[in-house]
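Everything in the sequence shown is counted per numbering that gives the first Met the number 0, starting at 0 for the first residue and increasing by one.
Hint data in this document are derived by calculation from the structure and do not stem from the laboratory.
Any given hint might turn out to be false.
[As the list claims (entries may be wrong)] In the SDA-like style, the derived pairs of lysine to any residue whose C-alpha atoms are separated by at most 20 angstroms in a straight line are: (1) K2 x D119; (2) K2 x S86; (3) K2 x V147; (4) K2 x H18; (5) K2 x S113; (6) K2 x E96; (7) K2 x A15; (8) K2 x S130; (9) K2 x E88; (10) K2 x S54; (11) K2 x S100; (12) K2 x A99; (13) K2 x A23; (14) K2 x L160; (15) K2 x E134; (16) K2 x A126; (17) K2 x L151; (18) K2 x R140; (19) K2 x T163; (20) K2 x S124; (21) K2 x E110; (22) K2 x A91; (23) K2 x P156; (24) K2 x I161.
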Amino acid sequence: MSKLIFHADDLEGTAALAHALAHALPAGSVVSLEGTLGAGKTQLVRLLVEALGGSADDVVSPTFVLQATYTAAKTVQHFDAYRLPTSDEFLAIGGEETLASPALSFVEWGERVSDVFPEDFYRLSIAVTGSNSREFTLESRAPEQLAVLEQLRDLLPQSQLIAT
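Could you put the whole structure together from the sequences, leaning on the hints where they help?
Written out as structure tokens, the structure is:
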């Protein structure tokens with residue numbers, strides 16, 4: 000497993016990560032977003048959609064709608080698995096089609112349904128480190144994803160990367 004750890008002091012730092020992800024993640028990527036309530040999972044997707052040329056105002060937490068699609072330079076699928084009791088429920092609401100699509104798929108609380116994700120999914124954990132600061136840990140399992148992590152390292156401010 001390979002990982003990248005990025006520290007964002009503020010929203011601007013989170014926006015830098017969102018911009019890098021928007022440009023480095025290939026079509027069809029599945030990202031499990033993990034972190035406590037209020038960690039910034041939806042905010043990260045909002046900033047990513049904006050980085051792709053979409054409207055940040057359109058992005059809302061999918062807690063009650065469960066799934067939303069945003070059209071920008073790349074299509075973004077945004078799920079929330081918090082209220083789903085099983086992985087079968089995730090598949091029933093369109094998860095199966097999404098996981099096979101060329102869209103970038105972000106699943107909040109993805110750890111609850113990751114057993115149905117493809118082997119090459121990314122795990123992005125968000126830890127609250129202060130009132131505005133966050134530590135993001137992006138993990139990948141597939142060897143072909145190393146190039147994506149290297150591209151992210153090149154796109155992100157070096158002073159905010161934590162050596163792994």
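To see whether the hints hold, each was checked on the structure:
Between K2 and D119 the alpha-carbon distance is near 13 angstroms, which keeps this suggested pair within the 20 angstroms criterion. At roughly 25 angstroms between alpha-carbon atoms, K2 and S86 are farther apart than 20 angstroms, so this suggested pair is violated. As the CA atoms of K2 and V147 are separated by approximately 11 angstroms, the hinted pair is consistent with the 20 angstroms bound. Taking the CA atoms of K2 and H18, the gap is about 18 angstroms. The hint holds against a cut of 20 angstroms.
Annotation: proposed proximity of K2 to S113 holds, straight-line Cα distance about 18 angstroms (limit 20 angstroms). With a C-alpha separation of about 27 angstroms, the suggested pairing of K2 with E96 is violated against the 20 angstroms cut-off. Distance restraint check for K2 and A15: the Cα-Cα separation of roughly 18 angstroms lies within the 20 angstroms cut-off, and the hinted pair is therefore satisfied. The hinted pair formed by K2 and S130 fails the criterion: a straight-line CA distance of about 25 angstroms is larger than 20 angstroms.
A hinted pair counts as satisfied when its Cα atoms are at most 20 angstroms apart, and K2 with E88 does not qualify at roughly 29 angstroms. For the hint linking K2 to S54, the alpha-carbon distance of about 30 angstroms lies beyond 20 angstroms, and the restraint is violated. With a C-alpha separation of about 25 angstroms, the suggested pairing of K2 with S100 is violated against the 20 angstroms cut-off. Proposed proximity of K2 and A99 is contradicted: the alpha carbons are some 24 angstroms apart, above 20 angstroms.
With a CA separation close to 15 angstroms, the supplied pair K2 and A23 stays within the 20 angstroms bound. The hinted pair formed by K2 and L160 meets the criterion: a straight-line CA distance of about 11 angstroms does not exceed 20 angstroms. About 13 angstroms separates the Cα atoms of K2 and E134, which keeps this hinted pair within 20 angstroms; it holds. As the CA atoms of K2 and A126 are separated by approximately 15 angstroms, the hinted pair is consistent with the 20 angstroms bound.
Proposed proximity of K2 and L151 is supported: the alpha carbons are some 11 angstroms apart, at most 20 angstroms. Of the supplied pair hints, the one linking K2 and R140 holds, its CA atoms being roughly 9 angstroms apart against a limit of 20 angstroms. Restraint check: the Cα-Cα separation between K2 and T163 comes to about 7 angstroms, which is no more than 20 angstroms; the hinted pair holds. Among the hinted pairs, K2 with S124 is consistent with the structure: their alpha-carbon atoms are about 11 angstroms apart, no more than 20 angstroms.
Taking the CA atoms of K2 and E110, the gap is about 17 angstroms. The hint holds against a cut of 20 angstroms. For the hint linking K2 to A91, the alpha-carbon distance of about 31 angstroms lies beyond 20 angstroms, and the restraint is violated. Of the supplied pair hints, the one linking K2 and P156 holds, its CA atoms being roughly 16 angstroms apart against a limit of 20 angstroms. Restraint check: the Cα-Cα separation between K2 and I161 comes to about 10 angstroms, which is no more than 20 angstroms; the hinted pair holds.
Hint check: violations occur at hints 2, 6, 8, 9, 10, 11, 12 and 22; the rest are consistent with the structure.
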